[in-house]
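Input sequences plus hints: build the corresponding full structure.
Those protein sequences? They're chains A and B, same order as listed. Sequential numbering from 1 applies to the first sequence in UniProt numbering. Sequential numbering from 1 applies to the second sequence in UniProt numbering.
If you are wondering where the hints come from, they were derived from the structure by calculation, not from laboratory data. Any given hint might turn out to be false.
Unchecked claim - Here are some of the chain B residues that sit facing chain A, going by a computed Cβ distance under 8 Å:
| hint | residue |
| --- | --- |
| 1 | A15 |
| 2 | V17 |
| 3 | R176 |
| 4 | L178 |
| 5 | D196 |
| 6 | T197 |
| 7 | P275 |
| 8 | S353 |
| 9 | G366 |
| 10 | A368 |
| 11 | D377 |
| 12 | Q494 |
| 13 | E523 |
| 14 | A560 |
| 15 | V561 |
| 16 | D567 |
Predicted model only: the values in this text are computed from it and were never measured. Just so you know, even glycine gets a beta-carbon here, dropped at the ideal spot from N, CA and C.
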Amino acid sequence: MTALEVRDLSVVYRTGRAEMHAVSGVNLSIGAGRTVGLVGESGSGKSTVAKAIVGLVRPTEGTVLVDGHQIDRSRERLRLLRRRVQMIFQDPNSSLNPRLTVRSTLAEAAALLPRQQRFEVDELIDLVSLPPHLSERFPHELSGGQKQRVAIARALAVRPAVLVADEITASLDVSAQASVLRLLADLQHRLQLSCLFITHDLAVVKHVAHDIVVMRFGEVVERGQALDIVAEPSHEYTKALIAAVPRPFKATGHEPASRRPSMSEGHPLGRLAPRDAVVSPTAPGGSWPSPK
Amino acid sequence: MLSSLYVRAFFKDRAGVLALLGVLVVVLLAILGPIFAQDAATRIDASAAGGGSSAAHWLGTDDLGRDVLARTIVATRLSLLLAISATLIAGVVGVAWGLTLASVQHPRMRAVGSNILNVVLAFPPIIVAIFIAVILGVGGRSAAIAVGVAVAPRFARVVYTLASSVSAREYVHAARVLGLSRRRVLLRHILPNVADTLWIATFLEISGALLFISALSFLGLGVQPLAFDWGSLLTSGLDNMYTTPAAVLGPAVMIVVTGLVFGFLGEAVARAGNPQRWAVTRPKRLSPRSAGGAGSEVLHEHRLAETSANEEMVLRVENLSVTIPTEDGEFCPVNQVSFEVRKGEVLGIVGESGSGKSLTAMSIAGIAPAQAQVVADRLEIAGEDQLDKPRRAGQVAMVFQDPMNSLNPALRITTQMTESLRAHRGLTAAAASLKALNALRDVHLTNPETRMRQYPHELSGGMRQRVSVAMGLVMSTPLLLADEPTTALDVTTQAQVISLLRDLRAEGMGIVIVSHDMGVIGEICDRVLVMYGGRIVERGLVEKVLTSPQHPYTQTLIDAVPDIDDDSGRWLGKTEATS
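Written out as structure tokens, the structure reads:
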């Protein structure tokens, strides 16, 4: 089943007489529980696609369908439908209201649901594996990774079907990035969430997404399964993007490729279980935890 | 609980407490003045008329022999009431106006509204106030309304500008995506975050309103005789300023002092209202998170290739420490760090935020924050001791993370590139720009002649980063310090900057790259230091450190890096990557 579908989306920004085609004729669809990676560099229009999906930008043309229903700004009853798609933003320093504690931020979002479906704040905090004592903290007292967890919890508070994650780890340290991404993968699995994962980092998206869509200058230049695209890109631009990714494990180029160690064979790190204690493992095919 | 934090933060602020005391004195005068001094202020004594200051009348008397000091004190109540009500009117009207305008989504409607506001602002408030006061009729009340309405656009402008910038923040977007009502977004997410400036504006406006109302009284449009405020006292005192100067002094000093104490109180209230200042109630995290397990204190040193003692060292650092005094004692973000960089070598310093890596680089460049105390047993660049030099001009070039912030947006590229040459090398403008041009060619910038005449905003991120590197080259410094030089760049641009740094290495420059990005470090560095909690926990050739890390922290760090060539799908624990 398709959780989110974007048909022929175009966004044109007008400043004075000038027109800027930020997005031209983009089509996307994300199945339930699937992750689509939207890849591109700055100016490719990937963030504009995200904003159009969640309604922060009005599409010039095209439609966005959630659970098969068209989202139309003008109709109030579709507010509920709109809520099915939530967004997580790039900058952890700007994505939380600095005047509200973690608890107030989450409580505000949770209160949007009818009482029977409502999450307790503590449940949400537990859902994103935050230590409970952080609930009375203000955003500036949290680390970048913790802030992004709060942002994820806030998005989950309204029980969305689709998460739009716009460069959510771009400003995090590598270890924070890995733990936030593991959390996201785990939540997706448990809650059968669909995810549009926007990033410029192909190394990350390869591990996160099932499918990849590559954008350049507002247009989709290539799409396909993640592993296929990274292994055999067909578009020149995708090839350039992949070639530009630094390969730390292939060392500095002083060594011939044959001697380069790889992550999967004989590498000391290969033995370490990648999934750490941050995320509690749960049975596959799980669903939303039932409200109290 | 929040309010007690708020109160505590307020009383920790000495300036705020003093301002509060000042305001209390003024308010007490306003309350008690008319009760105790009304009689002295209105008693007509023809024999003392027009007298100067004396033991009986400290500030002298007016034309009718009334005591000016008593009148000044009594006038406090009326002056303050009028000024505060005018400010309240202005605040309520202005905040509503500004917020309404900021919440208009349609771009054209918003432009129209903002232009109307600009036109209104173009009229000086005092003219508008006179106009309104004439329409409403003379008197204290209409003066207050007139000033309130006249000043309201200033509030609207401040609120509109601040609210517009806050509404572009991601938490406001998030609130809208959640589907919170527009009113709730305005009142809970936007208004509190503009409150800092609004408080200051409000309290400062009280003193402004005091002046405007006094001016209206001066013109005869404000407070009418029999009633009197500081403005009308000032006016009547002005007639006899040369004979009894003290009569002007009283109301003038009161207007100034009242304005000041309200202004200071406004600032203090704004400061205390910011939760970031409440953090003092929680202990600051001084010790780093534990790296996990034993051995975290040990430096893992990989055996290096033979180093000959006479090899040319570009940078030599021995036992560099940085301490920052805090309320809870000394904080040591960089602890006993030693390393060296050879000519034509790239050294990577890896670590996460808080590891002290950036501070290490900044200390070497001599640009550590003022409160940081930098000590070292040895700090040499190209064999020259740098410890006693306050500035390292000509020795170190620095490239920063964000090329937009590290170039001055108001200056052309040529000006920025040549200024250090002219200042430190004494070159003429022509010679300096020739050198700059060559440096831009060296960093492979296209059309260097054209670029020289452009401003930073006309260049792309990659071009700006090339310019920052070129600014280092132009001084032909032996050492280049690059702090996260590629973090803000797209991958393709990042690859260009990396290859540029490789070229520089080939030309014999010593380069230090500070980064949390293992990918970049692995691509370009010869040797790498891993920093954690202000110490070097592991060091060695980059291949060794990346492929057989010894320290558990290095291991977690490397484990956290996604490898694009890894097809096992294990990084995120995904078992069926293509399912």
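Tested hints:
1. A15: 23 Å, violated
2. V17: 24 Å, violated
3. R176: Interface hint status for R176 (chain B): holds (7 Å vs cutoff 8 Å).
4. L178: 5 Å, holds
5. D196: Constraint on D196 (chain B) not satisfied, violated at 10 Å.
6. T197: Hint violated; T197 (chain B) Cβ to chain A Cβ min 14 Å, cut 8 Å.
7. P275: 4 Å, holds
8. S353: Holds: closest Cβ of chain A sits about 6 Å from S353 (chain B), inside 8 Å.
9. G366: For G366 (chain B), the interface hint is violated, since the closest Cβ of chain A sits about 27 Å away, which is over 8 Å.
10. A368: For A368 (chain B), the interface hint is violated, since the closest Cβ of chain A sits about 22 Å away, which is over 8 Å.
11. D377: Interface hint status for D377 (chain B): violated (30 Å vs cutoff 8 Å).
12. Q494: 7 Å, holds
13. E523: Hint holds; E523 (chain B) Cβ to chain A Cβ min 4 Å, cut 8 Å.
14. A560: Status holds, d = 4 Å.
15. V561: At 6 Å from the nearest chain A Cβ, V561 (chain B) passes the 8 Å test, so the hint holds.
16. D567: 7 Å, holds
Consistency with the previously given hints fails for numbers 1, 2, 5, 6, 9, 10, 11, ordered from lowest to highest.
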